[in-house]
Amino acid sequence: MVAEEAYEYSQYDESESEADFNIETVDGPALTHQISGIVGLCITSLLWIIASWRLLYHYSGWCTTCCTKRTKEDEDINHLRADGLTTKRLLHGLLWTAMVVEGVGYADMVGTNSSNKLNYVLLDVIGRGILEFSTFVIGTVHWFNITSQARAGDKKLAFTIFPAILMIITIAVTVSSTFEAVVLLNGGFETVHEFRSKSDVHKIQLLVESTGWGIHAVIVAICGKMVYERISSLPTFSQVRSQAKRNIITKMIIPMIFCSLCYLLRAGWMAADFISRIINPETTFESGVGWWVGNCWVPTFIPSIMLLYSIRKRDRAPGSIDGVPESLLRTTGGEGQTDPFLSFQQTFQDFEDEDASMSSKQ
90 MVAEEAYEYS QYDESESEAD FNIETVDGPA LTHQISGIVG LCITSLLWII ASWRLLYHYS
150 GWCTTCCTKR TKEDEDINHL RADGLTTKRL LHGLLWTAMV VEGVGYADMV GTNSSNKLNY
210 VLLDVIGRGI LEFSTFVIGT VHWFNITSQA RAGDKKLAFT IFPAILMIIT IAVTVSSTFE
270 AVVLLNGGFE TVHEFRSKSD VHKIQLLVES TGWGIHAVIV AICGKMVYER ISSLPTFSQV
330 RSQAKRNIIT KMIIPMIFCS LCYLLRAGWM AADFISRIIN PETTFESGVG WWVGNCWVPT
390 FIPSIMLLYS IRKRDRAPGS IDGVPESLLR TTGGEGQTDP FLSFQQTFQD FEDEDASMSS
450 KQ
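The opening residue of the sequence shown carries number 90 in this note's numbering; numbering runs sequentially from there.
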């Protein structure tokens with residue numbers, strides 16, 4: 090009798106798991122939770138290692154400045170490092186934290202081979218919903234700060250409006266994500282699938298995040314356009330060879346282009362999922378290959394790498410600019426007139442010097 094009951098229970102458990110996996114998807118074949126967790130864990134582990142290395146690199150500069158005695162050579166303005174918490178260090182810290190949280194979520198997914206409330210909150214709510222969004226917004230604000238200091242064009246109002254819009258969107262996404270987590274954990278939903286199918290809060294969250302990522306993508310594209318216009322308007326830019334021009338534009342604009350496209354990609358997937366939930370709640374975008382690749386992995390990995398590359402150099406003390414001789418920084422108008430884009434003049438000269446040296450060797 091007991092054996093028969095145990096057999097019936099095991100059969101019911103297997104059929105329930107199979108039904109949970111065979112959810113109807115519209116974005117390609119569904120992945121098992123274990124496979125999704127393994128791939129996600131590999132991506133987050135790689136980003137965590139890189140973020141840890143870069144975080145130590147940036148904070149080691151701070152510790153060196155604070156805790157050791159500088160030599161006369163170190164007092165050169167181009168070697169001074171900023172003290173305290175800076176935008177770059179904050180971005181690295183948030184990205185590191187996001188990868189830890191998401192890594193724990195993916196590890197739980199691998200261990201349980203299921204999408205439960207714990208890993209959903211860690212991955213979709215805290216990881217991608219709050220920490221990733223905040224990290225990427227800080228990166229965009231950093232780009233705007235640099236562009237603003239360079240006085241790109243006459244669009245001074247844009248340097249105030251766009252960062253303010255990003256801050257408002259970040260608050261909205263954080264609040265809605267927090268509310269979603271509370272409803273999921275205390276709303277009486279048995280499974281994550283039931284919550285996604287029946288909860289209006291989840292639909293609202295999809296709409297808020299989709300709108301937030303979409304606006305963020307547009308703002309990053311605008312920032313990239315402003316930077317391009319500023320670089321192109323420099324008098325020395327016309328004197329540089331075409332190959333050097335391509336290198337400079339690539340290094341400055343490509344990270345913004347990739348970030349904008351990835352934010353737009355995530356916004357598109359969330360908007361599609363929102364529409365599908367309205368039309369047919371049982372049809373899901375959140376378990377197929379397309380969702381994991383287009384909404385989760387690519388929009389996490391590529392912007393993280395692009396931002397880490399873009400802010401790879403240590404922070405400098407006020408008044409110092411990477412690659413600019415001290416003589417160029419001694420302006421009569423004070424610190425406020427320092428133009429970060431003066432560094433491009435030195436970059437142009439470096440390209441010309443390299444070409445000349447290569448020609449002489451040949």
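Some clues are possibly wrong.
[Said to hold, decoys possible] For lysine-lysine, the following PhoX-like pairs were computed, each having C-alpha atoms within a straight-line distance of at most 20 Å: (1) K340 <-> K402; (2) K206 <-> K287; (3) K292 <-> K314.
[Said to hold, decoys possible] Restraint-style ranges between C-beta atoms, simulated for each label pair: (4) V271 <-> I368: 38 to 46 Å; (5) T249 <-> E279: 22 to 30 Å; (6) G277 <-> S134: 32 to 40 Å; (7) I391 <-> L179: 28 to 36 Å; (8) D289 <-> L246: 34 to 42 Å.
Quick caveat, the hints were computed from the structure, so don't treat them as lab data.
Computed from a predicted structure; not experimentally measured.
Note that the Cβ used here is the ideal one computed from N, Cα and C, for glycine as well.
Status of each hint after checking the structure:
no., hint, in the structure
1, K340 <-> K402, "holds, 13 Å"
2, K206 <-> K287, "holds, 15 Å"
3, K292 <-> K314, "violated, 33 Å"
4, V271 <-> I368: 38 to 46 Å, "violated, 27 Å"
5, T249 <-> E279: 22 to 30 Å, "violated, 47 Å"
6, G277 <-> S134: 32 to 40 Å, "holds, 35 Å"
7, I391 <-> L179: 28 to 36 Å, "violated, 21 Å"
8, D289 <-> L246: 34 to 42 Å, "holds, 38 Å"
Hint compliance for this structure: hints 3, 4, 5 and 7 are not met, and every other hint is.
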